[in-house]
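Number of protein chains: 2
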Amino acid sequence: MKVLVVGANGQIGKHLVKFIQKSDKLEPRAMIRKQEQASFFEDLGAETAVVDLEDDIATIAKAADGVDAVVFTAGSGGHTGKDKTIMIDLDGAIKTIEATKAAGVKRFVMISSFDTTRKAIQEANESFAPYVVAKHYADEWLKATDLNYTIIHPGLLTNDEATGMVSAASEVNRDEVPREDIASVILASLENEKSIGKEFQVVKGTTPVEDAVNSI
Amino acid sequence: MKVLVVGANGQIGKHLVKFIQKSDKLEPRAMIRKQEQASFFEDLGAETAVVDLEDDIATIAKAADGVDAVVFTAGSGGHTGKDKTIMIDLDGAIKTIEATKAAGVKRFVMISSFDTTRKAIQEANESFAPYVVAKHYADEWLKATDLNYTIIHPGLLTNDEATGMVSAASEVNRDEVPREDIASVILASLENEKSIGKEFQVVKGTTPVEDAVNSI
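Protein sequence lines correspond, in order, to chains E and R.
The first sequence begins at 118 in the numbering used here and counts up one residue at a time.
The second sequence begins at 118 in the numbering used here and counts up one residue at a time.
These aren't lab readings, by the way, just hints derived from the structure by calculation.
It is possible that some hints are incorrect.
Because identical chains cannot be distinguished in the list, a pair is counted as satisfied if it fits within a single copy or across any two copies.
[Unchecked claim] Cross-link-like lysine-lysine pairs, in silico, DSS-like; alpha carbons within 25 Å at most:
id: 1; residue 1: Lys321; residue 2: Lys223
id: 2; residue 1: Lys311; residue 2: Lys236
id: 3; residue 1: Lys139; residue 2: Lys260
id: 4; residue 1: Lys236; residue 2: Lys218
id: 5; residue 1: Lys321; residue 2: Lys119
id: 6; residue 1: Lys236; residue 2: Lys151
id: 7; residue 1: Lys236; residue 2: Lys179
id: 8; residue 1: Lys151; residue 2: Lys260
id: 9; residue 1: Lys315; residue 2: Lys151
id: 10; residue 1: Lys321; residue 2: Lys236
id: 11; residue 1: Lys218; residue 2: Lys119
id: 12; residue 1: Lys218; residue 2: Lys260
id: 13; residue 1: Lys179; residue 2: Lys151
id: 14; residue 1: Lys179; residue 2: Lys315
id: 15; residue 1: Lys179; residue 2: Lys321
id: 16; residue 1: Lys311; residue 2: Lys179
id: 17; residue 1: Lys139; residue 2: Lys223
id: 18; residue 1: Lys260; residue 2: Lys311
id: 19; residue 1: Lys311; residue 2: Lys151
id: 20; residue 1: Lys139; residue 2: Lys236
id: 21; residue 1: Lys139; residue 2: Lys218
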């Protein structure tokens, strides 16, 4: 099972490509924006595809050609302006969904933010609300497709070392979670069809990742 | 037939409320953001509803209570940042669509921008592209509803005096168009059921507005 990781050069993306490369059943293809980001993945022995999320759907679809699943873990990041929130978190995500359909791929895992409900938009402060709106519509767009989706809503991401343990459910109390554990949750979701059609929040916890995903 | 004009205090909105107030068959309700914007509309004898587009769907739905049609002609304007592009042009528009459904209103006229196709997004420059994305998804959202919609794509808006003449078709050459003529096109669309389910571009031209709308 080959997995296109969109946003592979991000912090979750790098952990995820490593985990997929180490797994028995899965193989990664790292989608990166610039050729100079390739060496990290080539050193792992992973395939790369150089595509900018501001490219068109057909170009993204070429990167998805022949894969069995697509993971969207790209994000505009905290250092860019709200223009990139629109171009990457909203339009980049939806173009990736459309590219997945165009490539005939059925499985899609979306890394969303902790709470993308309409209520969360209304409660967000002025600075954060545009990001929540972008993620909300990307999630809504995905749910309206007939893709086999999983939507993962991580808590406050940290660079703490992985514990292999999380708390996952449709609603959990807001808390931190290591990026590396989110990468494990993505891997476990790809490996467990029970996660199809589900969306869930994940924070640090005491349940082994595979059990947590299996009990969603 | 009562018409809620969302964005009534905008330049097109003010022309439109005047035209609706003067018409025989239609009555306006001007949705405005601040109470201090009300006097213009009260002087016309028009009803007002004070609602911020950053309010929730239920609040917008109250403004739409009892109307027969909703016109969305709000825009974040050129002076605001890309955060308002997300909050108003995207989320404000979609919340208005959802509020229209929630209020049981069937007729919706959207004032879009000249070209909101996927191709237009790819061809737009970096500064303009986020706006096109926002308008694209608002239009797509509307088309996916079962509302009786009309989507109007005006050319480059000017404050030139109205001519009463336009050129309108699914595709026309990009050109200027007076805001006041766009207000007439909206009125003609509200008065002509043939515009339901249609979207069209409008620029200045030589065809009387009512004929142009009737021939779409």
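Earlier hints that do not hold, by number: Of the numbered hints, 1, 2, 3, 5, 8, 9, 14, 15, 16, 19, 20 and 21 do not hold.
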